[in-house]
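Residue numbers (the numbering used here), protein chains in the order written: chain A, 1 to 287; chain B, 1001 to 1283.
If you are wondering where the hints come from, they were derived from the structure by calculation, not from laboratory data. Cβ atoms here follow ideal geometry from the backbone N, Cα and C, with glycine treated the same way. Possibly wrong hints are sitting among the right ones.
[To be verified] Listed next, the in silico EDC-like pairs over lysine to aspartate or glutamate satisfying Cα-Cα at most 16 Å (straight line):
| # | chain 1 | residue 1 | chain 2 | residue 2 |
| --- | --- | --- | --- | --- |
| 1 | A | Lys260 | B | Asp1277 |
| 2 | A | Lys34 | A | Glu215 |
| 3 | A | Lys238 | A | Asp249 |
| 4 | A | Lys105 | A | Glu120 |
| 5 | A | Lys2 | A | Asp68 |
| 6 | A | Lys179 | B | Glu1242 |
| 7 | A | Lys260 | B | Glu1278 |
| 8 | A | Lys105 | A | Glu95 |
| 9 | A | Lys179 | B | Asp1277 |
| 10 | A | Lys85 | A | Glu163 |
| 11 | B | Lys1140 | B | Asp1118 |
[Unchecked claim] Some chain A residues well away from chain B (every beta-carbon gap over 12 Å; in silico):
| # | residue |
| --- | --- |
| 12 | His13 |
| 13 | Gly62 |
| 14 | His86 |
| 15 | Phe91 |
| 16 | Leu116 |
| 17 | Glu118 |
| 18 | Ser130 |
| 19 | Gly148 |
| 20 | Asp205 |
| 21 | Arg229 |
| 22 | Pro248 |
| 23 | Leu257 |
[What the hints assert, rightly or not] Distance windows between CB atoms, simulated:
| # | chain 1 | residue 1 | chain 2 | residue 2 | range |
| --- | --- | --- | --- | --- | --- |
| 24 | A | Thr4 | B | Glu1222 | 32 to 38 Å |
| 25 | B | Lys1223 | A | Asp68 | 20 to 26 Å |
| 26 | B | Glu1253 | A | Asp145 | 39 to 45 Å |
| 27 | A | Arg279 | B | Glu1222 | 37 to 43 Å |
| 28 | A | Lys238 | B | Gly1113 | 39 to 45 Å |
| 29 | B | Thr1089 | A | Phe195 | 55 to 61 Å |
| 30 | A | Glu258 | B | Asn1109 | 31 to 37 Å |
| 31 | A | Asp68 | B | Glu1202 | 56 to 62 Å |
| 32 | B | Gly1113 | A | Thr4 | 43 to 49 Å |
| 33 | A | Arg252 | B | Thr1206 | 28 to 34 Å |
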Amino acid sequence: MKITVDGLTSIYHNNTPFEHTALNNFTTSFEPGKYYAVIGRTGSGKSTLIQHLNGLLLPTRGIVQVGDLTLKHRTKQRIIHQVKKHVGMVFQFPEHQLFDETILKDVMFGPLNMGLTEEEAEARAEKYLSLLGVPERAFGRSPFDLSGGQMRKIAIAGILAMEPEVLIVDEPTAGLDPKSHIEVMDLFKQIQEDFNITIILVTHDMNDVFEYADEVKLLAGGQLIREGRTEDILTDEKLLTDHHLEIPDIVRLVHDLERKGVVFEGMPRNTDAFITSYREWRALHAQ
Amino acid sequence: MIARLYAGYALFFTYKMVVEHMIKIDNLTYRYQADGPTALDEISLSFNKGDWVSVIGHNGSGKSTLVKILMGILEGYTGNITVDGEALTQDNIQDFRERFAIVFQNPDNQFVGATVEDDVAFGLENQGLPREVMIERTEKALSAVNMLAYRRHAPARLSGGQKQRVAIAGALAMEPDVLILDEATSMLDPEGRNDILAILDEIHKTRTTTLIYITHDLSEIEKSDYAVIMKDGRVINEGSIEHIFSDTDILIESRLVLPYQMQISRAFLDGRYVTHDELVARL
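Between the sequences and the hints, there should be enough to build the whole structure, so can you do that?
Rendered as C-alpha cells:
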C-alpha cells in the first residue's frame, strides 16, 4: 500500500492566538514494503507527520492518499476508520495501553474490534504471539506480570494481529534495557521482511536508523529537508550536525579510519558488519 | 626494593585514611515477600565521598531495589548500612533522607511548581531557610544545569532533557551529600542525554556530592570512578572502569550490551577498555 502526502499543511489551533504551523506544504511518498526512518530534532514535525498518515490528524490543507483512500480537511469518520485498518501505529510506551486480564485476550482485542469472529481473532492472536516468541503456556497469564520489554512485545503483537500493511513505530525502544532494545528492533525488521509490510520508524537513535532503515526523511521546522537512501543521508556528518542529530558510531569510526588510510569497499551498517569489513581489509592488506 | 615496597604501603595507608566512605553496605538482603525470592542477596558495597559510582544491571537485577532501600522507601531488610560513619536505623532514617536527593527516570512525573524556579525552590521551603538563601541556592542550582534563562517558564512546556535538568537543579538546591540518578537519561534523546552527562561531570569535579548513577547502558559509565555490576540481586563485579571492562564475558552473561568500541576491541585488540580515539589509533 502506497502512501502519498501532497501539499500537506498542518496548523494546530487554527485561527486562534495559539496558532502553530507544524507542517508547511509538505510533499513526499512511502513505497510499499520499504523500511523508512523519519528523523529530526524535537519539534521538527515528525510526530505531526505520522499522525496524519493514519488519520489521527486531518490536513488543514493538502491531502494524504493511503492506497485508494483520501484524507482531506473534512474526511468522514468512515474513511478514517478504513485507513486505520491499513495503517497500524505503535505509540511510545505501548504497554500503557494493555488492559485485559490475559495476554491472549489483550491481543485479540484489535482483531475483534475490526469485526473478526472470536475464532479468527484467537487464531490471529496465537499466530503473532508465537511469532514474538511468547510460549503458549503464557497466553492465559496477566500481561501485567511481565517485564517492561515483554509487556511491550505483547502490545506490539496486538497491533500486528490487525495485519496492517503499513506499521508506524514511534520511539519503540524508549526506556527499554539494551537487550530488549535489540530484540524489539530486530522484530520490526523481521516483520518487514516476512510480511512485506512498510515500516515507518520515528526515532532519535541514529545507530538504529543506520542499521535498519532503507530510506530516511529528514525534517526541520515542519519542512522536508532531505529524503533518500539511508547510506547517503546518515553519512553526511555536516547535515546531521546542522540538525542536532548524532552521527552513527560506525560512520564516525569508518570516517576516522579513512583518514588513516583504512578504506573499506562498502559502508558497514552495524558493529558486526564493521568487524567483518575490517577482518577482510586486514586479510587483503596482510598479503 | 624494600624501600619502594614500604613507600607503596605508606601511600596505600595514606589513601585509606583520606578517602572516607559516604555509604557502606554490609550483607544487605531484601525480599519483597517474606517467603519470596531474594531481590537483594547479601550485597556488600561502599561508596567513597565525592565519587561518581555507576550501578549497572539489566531490568530486575536489583539496582532499583537498592535505591529504594537507600531512600528509605523499602523497610524490612537485613544487614547493615552506615551513612557517613553512622549506622542507619529506623529512628534516624528521616534525617538521612534529607541528605539524599534523587532524580527519577520519567521527566514528566517530578514537577510541582508552576514555574521552573518555583519548582526548584519547592524542596527548600520545608527547610526553614531565609528567603535570600533560597533565592541564591535556586539561582546557583539552575546555573549549574544551564537553565537559569528558563527560570520563569512552565516546566510542562520544556523538552524531556530540559525537564531532567530542572529536576537535577531541584536536587542540587538541597545541597545533598548523595545525589542518586535512577535511569535519569533513559527516556531522553541523545542530545538531552549528553547534556545530563556533561552536567554530572561538572558536579563531579567539585567532589562535594557523591553521585550514584543507576543505568543499564554501559556506554554511559565512562566518567565514573567506580562501577558495580549487578545480576539477579547480587554484585557480580565491581571496580574501576578499566577493571569492569577487563572481563567482558561477565558483562555479556549479565544481559548487558557492550559499547561498539568494546565489541571491536574484543574482536581485534586485547579486549581491554578503549575509547573511540584509542580504537582508531590502534586499528
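Now the hints, each set against the structure:
{"no.": "1", "hint": "A:Lys260 - B:Asp1277", "result": "holds, 12 Å"}
{"no.": "2", "hint": "A:Lys34 - A:Glu215", "result": "holds, 8 Å"}
{"no.": "3", "hint": "A:Lys238 - A:Asp249", "result": "holds, 15 Å"}
{"no.": "4", "hint": "A:Lys105 - A:Glu120", "result": "holds, 13 Å"}
{"no.": "5", "hint": "A:Lys2 - A:Asp68", "result": "holds, 9 Å"}
{"no.": "6", "hint": "A:Lys179 - B:Glu1242", "result": "violated, 23 Å"}
{"no.": "7", "hint": "A:Lys260 - B:Glu1278", "result": "holds, 13 Å"}
{"no.": "8", "hint": "A:Lys105 - A:Glu95", "result": "holds, 14 Å"}
{"no.": "9", "hint": "A:Lys179 - B:Asp1277", "result": "violated, 26 Å"}
{"no.": "10", "hint": "A:Lys85 - A:Glu163", "result": "holds, 8 Å"}
{"no.": "11", "hint": "B:Lys1140 - B:Asp1118", "result": "holds, 14 Å"}
{"no.": "12", "hint": "His13", "result": "holds, 15 Å"}
{"no.": "13", "hint": "Gly62", "result": "holds, 28 Å"}
{"no.": "14", "hint": "His86", "result": "holds, 30 Å"}
{"no.": "15", "hint": "Phe91", "result": "holds, 14 Å"}
{"no.": "16", "hint": "Leu116", "result": "holds, 34 Å"}
{"no.": "17", "hint": "Glu118", "result": "holds, 34 Å"}
{"no.": "18", "hint": "Ser130", "result": "holds, 23 Å"}
{"no.": "19", "hint": "Gly148", "result": "violated, 6 Å"}
{"no.": "20", "hint": "Asp205", "result": "violated, 7 Å"}
{"no.": "21", "hint": "Arg229", "result": "holds, 22 Å"}
{"no.": "22", "hint": "Pro248", "result": "violated, 10 Å"}
{"no.": "23", "hint": "Leu257", "result": "violated, 6 Å"}
{"no.": "24", "hint": "A:Thr4 - B:Glu1222: 32 to 38 Å", "result": "violated, 45 Å"}
{"no.": "25", "hint": "B:Lys1223 - A:Asp68: 20 to 26 Å", "result": "violated, 55 Å"}
{"no.": "26", "hint": "B:Glu1253 - A:Asp145: 39 to 45 Å", "result": "violated, 25 Å"}
{"no.": "27", "hint": "A:Arg279 - B:Glu1222: 37 to 43 Å", "result": "violated, 27 Å"}
{"no.": "28", "hint": "A:Lys238 - B:Gly1113: 39 to 45 Å", "result": "holds, 40 Å"}
{"no.": "29", "hint": "B:Thr1089 - A:Phe195: 55 to 61 Å", "result": "holds, 60 Å"}
{"no.": "30", "hint": "A:Glu258 - B:Asn1109: 31 to 37 Å", "result": "violated, 45 Å"}
{"no.": "31", "hint": "A:Asp68 - B:Glu1202: 56 to 62 Å", "result": "holds, 57 Å"}
{"no.": "32", "hint": "B:Gly1113 - A:Thr4: 43 to 49 Å", "result": "holds, 46 Å"}
{"no.": "33", "hint": "A:Arg252 - B:Thr1206: 28 to 34 Å", "result": "holds, 31 Å"}
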